[in-house]
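*Asks:* Using the sequences provided together with the hints, build the complete structure.
Going down the list, the protein sequences come from chains A and B. Using our numbering, the first residue of the first sequence is number 1367, and each one after it goes up by one. Using our numbering, the first residue of the second sequence is number 776, and each one after it goes up by one.
The hints are simulated quantities; they were obtained by calculation from the structure and are not laboratory data. A few of these clues could be false.
What the hints assert, rightly or not - BS3-like cross-link-like pairs, simulated, lysine-lysine; straight-line CA separation at most 30 Å:
(1) A:1388 - A:1700
(2) A:1700 - B:841
(3) B:857 - B:881
(4) A:1647 - B:841
(5) A:1819 - B:841
Claimed, not checked - Listed next, the stretches of chain A that the computed footprint assigns to chain B, with coverage defined by at least 3 CB atoms under 8 Å from CB atoms of chain B:
(6) 1897-1911
(7) 1969-1981
Here the structure is a predicted model, which means the values were calculated and not measured. Just so you know, even glycine gets a beta-carbon here, dropped at the ideal spot from N, CA and C.
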Amino acid sequence: MERDDVLEYLLEARETLENIEKDLLRFEKSTLDGSLVDRELLDTLFRHFHTVKGSSGFFGLTAIVKMAHAAENLLDYLRKNPEAQDSDTLEYLITALDYLNELVTHEETSPTGGDFFSERQTEFLNKLNQKNESIRISLTHAQEESITKPSSQEFGLFTNESTTEIPKEEFGLFTDDPKPKIVEEFGLFSTEENQSPNEEFGLFYKPKDVIQKETVSKQEDNSKNDKKAIVKKDIRIDTEKLDSLLDIVGEIVITEPMVTDHPDITKLKLENFHKTALQLKKLIRNLQDITLSLRMVPIAGVFSRMERLVRDTAKKTGKQVELLISGEETEIDKSIIEEMYDPLVHIIRNAIDHGLETPEERKEAGKQTQGNIQLTATQSGKEVWIEVRDDGKGLSRDRILNKAMSLGLTSPAEAEILQDQEVWEFLFHPGFSTAKEVTDLSGRGVGLDVVRKNVTTLKGFVDVFSVYGQGTTFLIRVPLTLAIIEGLVVRKSDTYFILPSVDVKESLYLSNEPINELYKNNHSFQYRTNQISIVDINLLFGKDSDLNDQRTLKEKYVIVTESHEKQMGIVFDEILGSQSIVIKPISPIFKNINGLAGCTILGNGHAGLILDVRKLINNHLTSVTI
Amino acid sequence: MSQTLKSWDLNAEEDTMKDLYLCFSLEDRDYAFEVRHLTEILALPAITTIPGTAPFLRGVINIRGKIIPVMDVRLRFDIPFKAYHDRTCVLLIELDGLPLGLIVDKVNDVVRIPVENIDLAPKIGESRSSRFIYATGRVGESVKILINLQRLLTQEESHLIKDIPGN
Chain A
1367 MERDDVLEYL
1377 LEARETLENI
1387 EKDLLRFEKS
1397 TLDGSLVDRE
1407 LLDTLFRHFH
1417 TVKGSSGFFG
1427 LTAIVKMAHA
1437 AENLLDYLRK
1447 NPEAQDSDTL
1457 EYLITALDYL
1467 NELVTHEETS
1477 PTGGDFFSER
1487 QTEFLNKLNQ
1497 KNESIRISLT
1507 HAQEESITKP
1517 SSQEFGLFTN
1527 ESTTEIPKEE
1537 FGLFTDDPKP
1547 KIVEEFGLFS
1557 TEENQSPNEE
1567 FGLFYKPKDV
1577 IQKETVSKQE
1587 DNSKNDKKAI
1597 VKKDIRIDTE
1607 KLDSLLDIVG
1617 EIVITEPMVT
1627 DHPDITKLKL
1637 ENFHKTALQL
1647 KKLIRNLQDI
1657 TLSLRMVPIA
1667 GVFSRMERLV
1677 RDTAKKTGKQ
1687 VELLISGEET
1697 EIDKSIIEEM
1707 YDPLVHIIRN
1717 AIDHGLETPE
1727 ERKEAGKQTQ
1737 GNIQLTATQS
1747 GKEVWIEVRD
1757 DGKGLSRDRI
1767 LNKAMSLGLT
1777 SPAEAEILQD
1787 QEVWEFLFHP
1797 GFSTAKEVTD
1807 LSGRGVGLDV
1817 VRKNVTTLKG
1827 FVDVFSVYGQ
1837 GTTFLIRVPL
1847 TLAIIEGLVV
1857 RKSDTYFILP
1867 SVDVKESLYL
1877 SNEPINELYK
1887 NNHSFQYRTN
1897 QISIVDINLL
1907 FGKDSDLNDQ
1917 RTLKEKYVIV
1927 TESHEKQMGI
1937 VFDEILGSQS
1947 IVIKPISPIF
1957 KNINGLAGCT
1967 ILGNGHAGLI
1977 LDVRKLINNH
1987 LTSVTI
Chain B
776 MSQTLKSWDL
786 NAEEDTMKDL
796 YLCFSLEDRD
806 YAFEVRHLTE
816 ILALPAITTI
826 PGTAPFLRGV
836 INIRGKIIPV
846 MDVRLRFDIP
856 FKAYHDRTCV
866 LLIELDGLPL
876 GLIVDKVNDV
886 VRIPVENIDL
896 APKIGESRSS
906 RFIYATGRVG
916 ESVKILINLQ
926 RLLTQEESHL
936 IKDIPGN
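*Replies:* Given below as C-alpha cells:
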C-alpha cells in the first residue's frame, strides 16, 4: 500500500469523523429533553462508522476497524431499542470517536502496524465490547418477547423500500436475524474471539441469492448518489500548487501595467491596442478574483468544532450553555481560518468559565438557567468580523482595575478617570488573569495577550465590549485574505513604500505648514484640531529624522495614519497612487526588522516595502510622548 | 526512471563542479568560493534599501518576480564603501535554500583549485573579517582567499544590527 494513498484516506476518514462528531452532538441535543433520537440520525451515524470501518479495513488499520465496529454495534442496538439510549451510551460513542481521532492522528504522524498503541485504547474497547455484550443479552430477552411484532423486523439502510413483500428478508449490511450472536458477527473484521462456524466473511451477509441481487442493484444506486455528492463538494488540491498559481497570477497582475503602459509605446497612437489592452486588463482582474477565491473556505469548519468544546467545557464547569452559530457560510482565507481556531477556543472557554454564571446564579439574577453563547461571522468590506457574545455576568471593572493596580499598570488616581473601554484593554496585558484560581480550563498562563498576538499576526484586531450583568462580547476582525492587500504606494527618495489602505486616514499635501520641533527627533504638526506627531521614515527605523533640518514641509506629502485611535503623520516625497499589492515575505536574512510587513513588486519593476503601520505607531509613540 | 536519471545528473554535476571556485575581487585582493553555490551573475539592478538593517545588507532587488536580499561584501568585510559603477556585479547564490545576492567589485573567472593546493588559513587572532576566511588556495603564482559563505550570514551578526527602539 502506498503511503500517499493511506494519507489521503486518513484525510477522508478525518472528514467522516468530523461528521460523526457533528451528528453525535446533534444526537445529544435532540435527546436532551428526554425524547428519542431520530431514526434517520442513527442511520447516518451508523453509516459513518461503517464507512470508517470498511475503508480502514481495506488499509489494514485494524485498531480503527475494531473501534468503529464496536461503536457500530452499539448504534445498531440503539436502532432496535431506541428506548435504551441514555447519556451513558452517548458518552461511549463520543469516547469511541475520540479514540478514533487519536488513532487516525497517530497513523498520520507515526504509522505503525495499524494496531492500538496505548493501554487506554484497548481498555476502552474491551469496556465497549462488554457493554455491547451486556446489552445484547438484554436484547435477546427483549426480542424473545417482541418477536411476533413484525415492525421490529424492519431496519437497515433502506428502510423505506417496499421490501416488506418478503417479510423474512435478510439482506444488506445489516442482518436483522433475531439471533443476536450473528448480528454481532459480520463485517470485514470480526473482533469476536469465538467465531461461530456459519459466519460469512465479507461485507454482505447473504442467506438468499435472489435477494442478494436486489441488494446489489440498490447498493449501486446508493453509491451513485454518494458519488455525485462528492463531485459537487470539492476536490483536494495541494496547497503548494495553489500557492504557485497565486504567485503566477500575482506576477501577471503586476506585469500587466508594465506591458500595456510600457514607456516604448505610450507616445504612440494605438487605438486598437488600447482596446485590447483594456480587455486584457478586465480579464486579468477576473482571473485574480477567481484565483483568490480558490483559497477561500467557509468558516463553518472551525465553528462546528466549537460545538464540542462548548459541550465539554459546560460539562466540566457544570453550567448550562447553548451555542448559537450564525454566518458560518462566511468565506475566509484558509490560512487565516486555521489561525482562528486557537483564539476562538480561548475566548469561548473564557466565556463559559468566567463569563457565564452557574444555573443557580442565573436564576437569582432573573435570567434563564441556560446561558447563551452566540458565535457569529459576518463579512464587512474586506474584513471578516467574528463575534463571540455571551449573556453572562459581564466584566467587573473593579476587579480588573484592582488587578491592574497590583501589577502596576495603573494608579488609583488614573483608574478613576479611565473609560470602560480602556479598562477592558488591561485584559490583553501579558500575565493578566482575573481568574481567582487556576482551573483545568483557564489560568494556565495562556492569556488573552496570546489571543491578541495571534490575531495581530493575521493583521487583525480583537476588541472586547461588556455591560456588567448583561454579558461580554469579543469581536475579532481579520482581513479576508492575506495574500493581497489594498495599499497606497508612496516614495521617499529612491525607496518605494506601501501603506495598507486600512491604516491610512488621509493624505495631505503641505507646502508651507509650520512644523513644531519639541526637541530633536520629536516633531508635531497641526492636524485638524489636534497636534499630532509627525515623523519621517528615517526616524521610524532608528536614524535621525530629516525633519530636524527643516521647519516647514516644503512640497512634501504627509500621510496621516491611524491605529487604535492613535494618529501619526509620516512624510513622503511623492504619492504614486493606490493599488492592489501582492504581499511577499521578506527574507529571514533581515533580522530585527520591526515595522515592515513584507515586500512587493511594483508596476515599475521596483521592489516596494510594505509598512506595518500599527507597529510603527506603537513603537514610535511609546518612545516619544507629545 | 526519472529518479535514477536525477541522481545520475547530480553525481555528474558534483563531479564537474568539484574543485571549481568562482573568483571575484574587492580592492586589489582576490577572493573565491565554491562554484556550486552560485546560481547566476547579474548586472546590478535597482536596489530598494531597507531601513533599519545592518549597513552591509543593502536592501532587496527584484529578479524576475522574486525579491532577493543583497549584501555588499565590501561592507561585510569592513572595507570602505565604494560607489557602484557599471561593472559592479551581483553574484546570486543560494545558501541552505535561502537566495542571496552578493555585490562585488568585479568578477574574474572560474578556476580549479585541487584540494592539495588548499591551505587552511592560519589563525591570526579573531579579527572581525578574518572570520569569513577559512583557507587560501594556490593558483599558479597567485593566491586566492577562500571564503566561507555560511559565515556571512551567521546568527552572531544579528546583534550587530543597530537596535531599533521598541525592539
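*Asks:* Now, for every hint given, state plainly whether the structure supports it.
*Replies:* Against the structure, the hints come out as follows:
1. Note on residue 1388 (chain A) and residue 1700 (chain A): the hinted pairing holds, with a Cα-Cα distance of about 21 Å set against a maximum of 30 Å.
2. Taken as a hint, the residue 1700 (chain A) and residue 841 (chain B) pair is honoured in the structure, with Cα atoms around 24 Å apart against an allowance of 30 Å.
3. Under the criterion of a C-alpha separation no larger than 30 Å, the hint pairing residue 857 (chain B) with residue 881 (chain B) is consistent with the structure, at around 12 Å.
4. The suggested pairing of residue 1647 (chain A) with residue 841 (chain B) holds, with an alpha-carbon distance near 23 Å, which does not exceed 30 Å.
5. Proposed proximity of residue 1819 (chain A) and residue 841 (chain B) is supported: the alpha carbons are some 29 Å apart, at most 30 Å.
6. With 6 residues having a beta carbon nearer than 8 Å to a beta carbon of chain B, the segment 1897-1911 of chain A meets the requirement of three or more and the stated coverage holds.
7. Evaluation of the coverage hint for the segment 1969-1981 of chain A: fulfilled, as 6 residues show C-beta separations to chain B shorter than 8 Å, against a requirement of three.
Going through the hint list in order, the structure satisfies each hint without exception.
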